[in-house]
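Start from the sequences, fold in the hints, and give me the full structure.
2 protein chains.
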Amino acid sequence: MVQRPRGTRDFTPEVMNRRLAFENLLESMALSHGFKRVQTPIFESLDLFTAKSGPGVVKQLYAFQDKSDRALTLRPELTAPVMRMISEEMRSSPKPLRLSYFGQCFRYEESKKGRYREFFQYGVELIGASGPLAEAEVVSLAIDMLDSCGLVDYEVRIGHVGVLRDILTGLGLSEEGEPEPPVASAMRLLDKGDWDGLAELFASSGISSSALDNLRKLAELDGGSETLDSAREILSALEVSHESLDELAELLAALSALAPTPPSLKVNLCVARGLDYYTGMVFEVNVAELGGEGQVLGGGSYRLLHLFGLEDLDPSCGFGLGFDRVLLALEAQAERVGRSEVVPGETPRPSTLVMPFKIDAHAVLSIVKELRDMGHIVELDLRGKNIGKTLDWASKNGFTNVVIVGPQDLENSRCSIKNLTTGDQNEVGLDSTSISSVL
Amino acid sequence: MVQRPRGTRDFTPEVMNRRLAFENLLESMALSHGFKRVQTPIFESLDLFTAKSGPGVVKQLYAFQDKSDRALTLRPELTAPVMRMISEEMRSSPKPLRLSYFGQCFRYEESKKGRYREFFQYGVELIGASGPLAEAEVVSLAIDMLDSCGLVDYEVRIGHVGVLRDILTGLGLSEEGEPEPPVASAMRLLDKGDWDGLAELFASSGISSSALDNLRKLAELDGGSETLDSAREILSALEVSHESLDELAELLAALSALAPTPPSLKVNLCVARGLDYYTGMVFEVNVAELGGEGQVLGGGSYRLLHLFGLEDLDPSCGFGLGFDRVLLALEAQAERVGRSEVVPGETPRPSTLVMPFKIDAHAVLSIVKELRDMGHIVELDLRGKNIGKTLDWASKNGFTNVVIVGPQDLENSRCSIKNLTTGDQNEVGLDSTSISSVL
Numbered sequence: 001m002v003q004r005p006r007g008t009r010d011f012t013p014e015v016m017n018r019r020l021a022f023e024n025l026l027e028s029m030a031l032s033h034g035f036k037r038v039q040t041p042i043f044e045s046l047d048l049f050t051a052k053s054g055p056g057v058v059k060q061l062y063a064f065q066d067k068s069d070r071a072l073t074l075r076p077e078l079t080a081p082v083m084r085m086i087s088e089e090m091r092s093s094p095k096p097l098r099l100s101y102f103g104q105c106f107r108y109e110e111s112k113k114g115r116y117r118e119f120f121q122y123g124v125e126l127i128g129a130s131g132p133l134a135e136a137e138v139v140s141l142a143i144d145m146l147d148s149c150g151l152v153d154y155e156v157r158i159g160h161v162g163v164l165r166d167i168l169t170g171l172g173l174s175e176e177g178e179p180e181p182p183v184a185s186a187m188r189l190l191d192k193g194d195w196d197g198l199a200e201l202f203a204s205s206g207i208s209s210s211a212l213d214n215l216r217k218l219a220e221l222d223g224g225s226e227t228l229d230s231a232r233e234i235l236s237a238l239e240v241s242h243e244s245l246d247e248l249a250e251l252l253a254a255l256s257a258l259a260p261t262p263p264s265l266k267v268n269l270c271v272a273r274g275l276d277y278y279t280g281m282v283f284e285v286n287v288a289e290l291g292g293e294g295q296v297l298g299g300g301s302y303r304l305l306h307l308f309g310l311e312d313l314d315p316s317c318g319f320g321l322g323f324d325r326v327l328l329a330l331e332a333q334a335e336r337v338g339r340s341e342v343v344p345g346e347t348p349r350p351s352t353l354v355m356p357f358k359i360d361a362h363a364v365l366s367i368v369k370e371l372r373d374m375g376h377i378v379e380l381d382l383r384g385k386n387i388g389k390t391l392d393w394a395s396k397n398g399f400t401n402v403v404i405v406g407p408q409d410l411e412n413s414r415c416s417i418k419n420l421t422t423g424d425q426n427e428v429g430l431d432s433t434s435i436s437s438v439l
Numbered sequence: 001m002v003q004r005p006r007g008t009r010d011f012t013p014e015v016m017n018r019r020l021a022f023e024n025l026l027e028s029m030a031l032s033h034g035f036k037r038v039q040t041p042i043f044e045s046l047d048l049f050t051a052k053s054g055p056g057v058v059k060q061l062y063a064f065q066d067k068s069d070r071a072l073t074l075r076p077e078l079t080a081p082v083m084r085m086i087s088e089e090m091r092s093s094p095k096p097l098r099l100s101y102f103g104q105c106f107r108y109e110e111s112k113k114g115r116y117r118e119f120f121q122y123g124v125e126l127i128g129a130s131g132p133l134a135e136a137e138v139v140s141l142a143i144d145m146l147d148s149c150g151l152v153d154y155e156v157r158i159g160h161v162g163v164l165r166d167i168l169t170g171l172g173l174s175e176e177g178e179p180e181p182p183v184a185s186a187m188r189l190l191d192k193g194d195w196d197g198l199a200e201l202f203a204s205s206g207i208s209s210s211a212l213d214n215l216r217k218l219a220e221l222d223g224g225s226e227t228l229d230s231a232r233e234i235l236s237a238l239e240v241s242h243e244s245l246d247e248l249a250e251l252l253a254a255l256s257a258l259a260p261t262p263p264s265l266k267v268n269l270c271v272a273r274g275l276d277y278y279t280g281m282v283f284e285v286n287v288a289e290l291g292g293e294g295q296v297l298g299g300g301s302y303r304l305l306h307l308f309g310l311e312d313l314d315p316s317c318g319f320g321l322g323f324d325r326v327l328l329a330l331e332a333q334a335e336r337v338g339r340s341e342v343v344p345g346e347t348p349r350p351s352t353l354v355m356p357f358k359i360d361a362h363a364v365l366s367i368v369k370e371l372r373d374m375g376h377i378v379e380l381d382l383r384g385k386n387i388g389k390t391l392d393w394a395s396k397n398g399f400t401n402v403v404i405v406g407p408q409d410l411e412n413s414r415c416s417i418k419n420l421t422t423g424d425q426n427e428v429g430l431d432s433t434s435i436s437s438v439l
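If you read the protein sequences in the order shown, they are chains V and W. The working numbering applies: residue 1 is where the first sequence begins, and numbers increase by one. The working numbering applies: residue 1 is where the second sequence begins, and numbers increase by one.
Any given hint could be a false lead.
[As the list claims (entries may be wrong)] Taking lysine-lysine and the DSSO-like style, the derived pairs with C-alpha atoms no more than 30 angstroms apart in a straight line are: (1) V:K59 to W:K67; (2) V:K59 to W:K59; (3) W:K358 to V:K95; (4) W:K396 to V:K95.
[Said to hold, decoys possible] Derived Cβ-Cβ restraints for the label pairs, each shown as a range: (5) V:H362 to W:E180: 37 to 47 angstroms; (6) W:D424 to V:D222: 33 to 43 angstroms; (7) W:M374 to V:S174: 43 to 53 angstroms; (8) W:K67 to V:M374: 45 to 55 angstroms.
[Said to hold, decoys possible] Anything over 10 angstroms on all C-beta distances counts as not near chain V; from chain W, calculated: (9) E44; (10) D166; (11) E180; (12) G406; (13) D409; (14) L420.
Keep in mind that the hints were calculated from the coordinates and are not lab data. Even for Gly, the Cβ is constructed at its ideal location relative to N, Cα and C.
Structure follows, in C-alpha cells:
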C-alpha cells in the first residue's frame, strides 16, 4: 500500500477549514498594512540557499538534479526566493515594496511535533526602506497578526545586531576572516549563550575579561524600554557609540503607538538570530506553551542581494511566521482561555442537504440550483437511504438543514425542512424562495 | 546571478492579486456545491504515480531520492494523492465525500505558453457515489465555475467510456492482455482518431469492417442530446446494450436543470480521455482561443484505489481544472467581450497613504493604527520626499487617497486628503473618525 512520505501531512476538510481561516486572517491583516501577496516556485537553484546560508545547509535540504543536471532544491525558506524574484522581476518597481507570501517549505530532518519536513511559512518583506519607522511598521504587523488570531501570552523580544557589532568591532575583533570572521563567531556564541566559548575567543584575541563582564551584563538585561538606559551605561563603559541603541529607542516609541498592546515586549540585545545578513533590528516571538519549539515568528532588518551577486537595494526588513507552530499554540491555548473557535472565523457557514425521497430526483434539481445561486451551500442527497438514516448522516456531516421532498409533498407542492441544530421542523412551499426563507 | 529555474514562474503582486481572486471564486463555487478543501504534500512516493499511469510516466516526473534512498517525486497531478489520502485518513468518514483541492503540480517537459513545469490545478472529487445524479453534480459544478469567472464560448464534450467498452467487448476484444489489453489499445486509437490503426487492430482480431464503419459513424456524432437517438440506432446495429447510453441520457437531463446554460454542450462518444481508470461518464472543456492547448478542464467517473493495492470504494467522479489555462483564456477573452475585470473581484480595495510632511512622524502613528483597526488599507509613508514626488509615487502604486499632515496642519489639528482617483482634495480634522469619513 502506498503511503504518505515521512514528515509530511495530509489535511482533512476539518483541519483544512481551520488552516484556510487562519490564512485568510493573516492575509487580511497583511493587506490592511499594505503588504501584497507574491508567489515564487516550490523549487529553486541550489545556489540561492548555499549563497545565503553556506554549503553546510545542503544536508538539511531536499536537493536534487533535474534531467539536465541542474542542481535544484525544494525551498527551505522564502526570504531568499522573494529577494531573487525582486532582482529578476521588480528591480524597476518603485520602492519601498511591501510584499507578503505564504507557502510550503521543506527541511530534511527528523520530524517531531511542531517540526515537519514539509511545513508552512507566512511572511512579509518591506523592501527598500530602512530605519526605525520601517522596522516599526513590520513589527507592528507581526503583533497585529498574532493579536487578531487570538494568541495570548506570547513574548516579543527585540534586539539590534548593530549594538553587538559596534561592541565587538570596538573591542578589536574583525568582520573579515576565514573560515568564519571573529565578529560572526562571537555573535554566534552570544546567540547560543556560550560564555565559555566567548571567553576563549576573547582571550585568544587579547581582549580584557572586563569587556566580557560588560557583555554579560548587557546580555542579562531583559525588560521593557527602561532596559535601554542600563544599556547606555554599559556602552559608555565600553566606549561604544549609542547610535544603534538610539535607533532601537525610536523603534520602541513608534511601536507603542502602532501596536500598543503586545502581552510582553522585551528588549534583549543578545538576540542575534544566528545569521550573518541581519544589519539592524532583530526580533523573535516565543510562546511558552510550545516549550523548546516555542519560537513562532522571527525577523529583522537585513541586506541579502549582494550574497547572490546582485547590487544591493536599501536594507529590507521582514519576518517569517511559523504557520504550523502558531496553529499549535492556538490549539494549545484555546481550551485554557475558553475560546469557542481555535481560529476566529473557522466556523463553517450553514449548509443544506436536499433529499428527494421516493420521488424522481429531477423534480428538485432546479431548486438545488436556485438555492446555490442565492448563495446557499447545498448538496443533493446521493445516497437514497430512508429519512432516519439520511438525517443521521446529515447530522454527522455537519449539515444545518435537510429539505425532504416525498411523493405527498410533491403532489401538494410542499416540502419539510428539518433544522438539525435546533431540531425545528418547518413545512413550506416547494420553491427556492420559500425554502431559502427558513434556511 | 542566481536565476529562477526554467519553466517556473514568479507572480508579482498585480498577477497574484488576479490569481487570488480566481482561487477565491473557484473556492466559493465549490463550497456552494458542498465541496470542501483538502491538501496533500507537494511530493509523494514515486509508486503512487507509476501505479496509476505506468512506468513510462517517470520520464515526465521530477523524481528524486531522499537521503534514505526513498523514491519520491513532485506530484504531477492531484487525483492520485487525494485518493491516497482518503485511503490513509478518511476510510471511515461517511461517504459520499465531496472534496476540493488546489495546488502546484510538476511536469518535466519543454515549457511553452500555457504549459509550465510548475503549474496549478484546481479540482474536485465526489467519492463513494456513482450514477447519473452524482455525475451531474460534478459536471454542473464545472459549468458553474467557468460561468462564474466569466468564461464564454467554451465547449463541454461529454461521453461515456461504457459505450465504447460495451461495443469493443461485444466485438470480441479482450480487456485482459500484455503489454496492453486489446480494448485499451482500441480506446487509445479511438481517442486519437487513428482509424488506420484501428482498422489494423480489427483485421488482426478478425472483426468485420462493417463494425469499423459503425464505430466511425458513432465517432462522427457530435451534437446535443438528440445525438443519443442516432447512437441508439448504431448500438442496435452492433447488437450492444443501451445501458450506458441510458445513463448518459439521464445525466444530460439532470444537467439541464442543474446547469442549464453552458455555451455549448456536445455529446461525443469517442471522448475516452486516454486513461484506463475511467469507468463511466467522461468530459472535457475546450476553449477555442487557446488553440492546441485549449483543454481547460477534464474529468469523469473512475475507480482508482485498486491500483494502489487498496480495496476500492464505490466509483468516484471528479475533474481537474487547469488554473493557468483558464486564466489565459479569460485574459484572451477579456478585451473581445469588453469585460472591465479579467477575473470578477480582482479590483483591489481602496488604499490610503499617510504622509507626515516635515513633522515628527510619531504624531500620526496612532491615526495609522486606528484607521487599520477600522478596516482601511493604510501605509505609513517611509520615503520622506516632498509632496509632489510622494503624490506621484502614490499614484503609480495605486493608492486611492493620500493623507498629508504638515507642520501647520499639526498645529491646527487638521490634515489634507487628496483623492487620487477623482482629484478631489478635502481638509478634515486630524483624527481617525474624520479621516475615515472621507476615505
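Each hint tested on the structure:
1. V:K59 to W:K67: holds (9 angstroms)
2. V:K59 to W:K59: holds (26 angstroms)
3. W:K358 to V:K95: Holds, at roughly 20 angstroms.
4. W:K396 to V:K95: Status holds; Cα separation ~11 angstroms.
5. V:H362 to W:E180: 37 to 47 angstroms: holds (40 angstroms)
6. W:D424 to V:D222: 33 to 43 angstroms: The hint (33 to 43 angstroms, Cβ to Cβ) is violated, given that D424 (chain W) and D222 (chain V) are roughly 51 angstroms apart.
7. W:M374 to V:S174: 43 to 53 angstroms: holds (51 angstroms)
8. W:K67 to V:M374: 45 to 55 angstroms: holds (54 angstroms)
9. E44: violated (6 angstroms)
10. D166: Given that every Cβ of chain V is farther than 10 angstroms from that of D166 (chain W), nearest at about 24 angstroms, it holds.
11. E180: holds (23 angstroms)
12. G406: Per Cβ check, G406 (chain W) is outside 10 angstroms of chain V; nearest 17 angstroms; holds.
13. D409: D409 (chain W) is indeed farther than 10 angstroms from all Cβ atoms of chain V, at 18 angstroms.
14. L420: It holds; L420 (chain W) is separated from chain V by about 14 angstroms at its closest Cβ, greater than 10 angstroms.
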